[in-house]
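Student: What follows is each chain in one-letter form.
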Amino acid sequence: MNAASTSLRLPRAGAQPSFDAVVAEQLDAVYRYLVYLTGDRSAAEDLAAETFEKAFRSWRRFDPRRSAPRTWLCSIARGVAVDWFRAETRRRRREDAYAREQPTELFGDGLPGPVEAALRALAPGEREVIALRVLLDLDGPSAARVLGISQTACSTRLSRALKRLEEMTNDVDD
Amino acid sequence: MSTIDLLRAHAPAAPEELHRRVSLLRPAPRRGPRLRPVLVLAAAAAIAVLAAVVHGFSTSAPTAQPQTKQTLTPENGAAASGSVHSFAPAKAPDTARAAVAVPAPAPGRLQHTDASIRVRVDDVGNATTRATRIATELGGYAQSVRYRTPQNRAAVSYIELRIPAQNVKRALAQLGGLGTLVSQQLSIEDLTSTLERQSAQIAQLRRRIAALQAALRDPSLPDAQRVLLQIKLAESKRALAQRLHGRKATLSAGATSRVSLVLENRKHAAAAPHHRGRVGRMLHSAVGFLAIEGTVLLFALIVASPFAIALTLLWLWRRRAVDRLLME
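Those protein sequences? They're chains L and P, same order as listed. By our numbering, the letter at position 106 of the first sequence is numbered 106, and the numbering carries on one by one without gaps. By our numbering, the letter at position 162 of the second sequence is numbered 162, and the numbering carries on one by one without gaps.
Errors might be hidden in some of the hints.
[Unchecked claim] Label-pair ranges, simulated between beta-carbon atoms:
1) P:313 / L:93: 42 to 52 Å
2) L:63 / P:323: 24 to 34 Å
3) P:49 / L:93: 51 to 61 Å
4) L:120 / P:323: 34 to 44 Å
5) L:150 / P:305: 47 to 57 Å
6) P:49 / L:91: 52 to 62 Å
7) P:36 / L:156: 30 to 40 Å
8) L:92 / P:313: 23 to 33 Å
9) P:305 / L:160: 30 to 40 Å
10) P:59 / L:20: 55 to 65 Å
[To be verified] Taking lysine to aspartate or glutamate pairs in the DMTMM-like style, the calculated list, with each CA pair at most 25 Å apart, reads:
11) P:248 / P:114
12) L:163 / L:137
13) L:163 / P:218
14) L:163 / L:139
15) L:54 / P:323
16) L:163 / P:5
17) L:54 / L:139
18) P:248 / P:235
19) L:54 / P:114
20) L:163 / P:323
21) L:163 / L:109
22) L:54 / P:16
[To be verified] Derived, one-sided and incomplete: chain P residues facing chain L with beta-carbon distance under 7 Å:
23) 6
24) 21
25) 25
26) 316
27) 319
28) 322
29) 327
Hints were generated in silico from the structure; no laboratory data involved. In this text, all values refer to a predicted model and were calculated from it rather than measured experimentally. Don't be surprised by glycine CBs; every beta carbon is placed ideally from N, CA and C.
Based on the sequences and whatever the hints tell you, model everything.
Tutor: So, in structure tokens, the structure goes:
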């Protein structure tokens, strides 16, 4: 599904979407966000399912006037992912060595190798802001809200992440 | 193609398996906008205001007429031994002159009457003179008189009177007639049992003294025992003197009644707050109750604030920890 076309079908804030419609429209976006954040497709799949389960349980509390469904789902996904990161950190410490086979195409289907490698080298927080602003087309305030930081900090983080991505892509190309 | 375009063009799509898993979820029907916090706050505020209004309404009930609880008087047999019977303080209406209600004395019993009355008069100085004259004419006296005329305020007089018990009813009636009776409080303490106990102890001590004196007159009494009996005799005489003094005080208390009289100027009384109407009193009481509620709320906030600060610090720490986790 094309990200640009997805953004055109986003329900406007304040509308009352159905849960099925939200699932149909936002699942890919949430999955992409989680892939970029975790750097693990398998984990992203599980976390996306968990995210929608949580959203399902708290669907009554969702207020479309306060945020768009995508922003709301990304906030839930972030909380789920943070828990996963904590568990992963503990697991890595326990196992001492983290050597796990990762698929060749992790961050995109048919993404050029240098870009893929550069994305892998970025920190999860850097990939996260790229996913929110570039892939999911969230505006500045929404992305900042998901990240729990100010808009300025969000813009700065995005700028640095893109700069590093460009540099590392060029380095790999060279 | 730029890097951003590449990322967008090759964005990963959710696998079919994930679509299938998520599509099985069915949410519960929505209940509409989130109004619960607003409703809870509104209900709490409504309860607080309602409680204040109810409190104001209940405390603004019309004041009772002067009354004494006759059922408590000793003559009715409610109590017969040294008990104190207090009569509820009552306030007289401002407009009407109300007589001081005094229960009839119990015949054959020793009782001490303690009365406090507040009377509103036109001329406090003149009324003070008349009050002391009433006490003197009825065989009593004024134990203390405090009369003051503060600057910019009306005069007030505090008089302590001692009135013979048999005349206390007349005295209270005449003192109440000096002006408008504002409030009265009357307590009657039955002293009969106290007097009987003291008299019994005195009789016993006298018998004991007589026996000791008879024993000491025996010439064959050993010296050591004589000294011992003399000591006991001295102790008994001292105890007898104390009991006699106590009985005298009891008789004196029963013979005279204490009347605390407050004379106040009508102007002074006019400034008093109890001139509010029923609605005014209710509002005043309700506002006071709301102030108490506010104080309790403030106290709760003060108690809760350290916990709130601790929770905020914990939240900030967790947020920083998440940032560190994701930016490594």
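Student: Kindly indicate which numbered hints from before are broken by the structure, ordering the numbers from low to high.
Tutor: 1, 4, 5, 13, 19, 26
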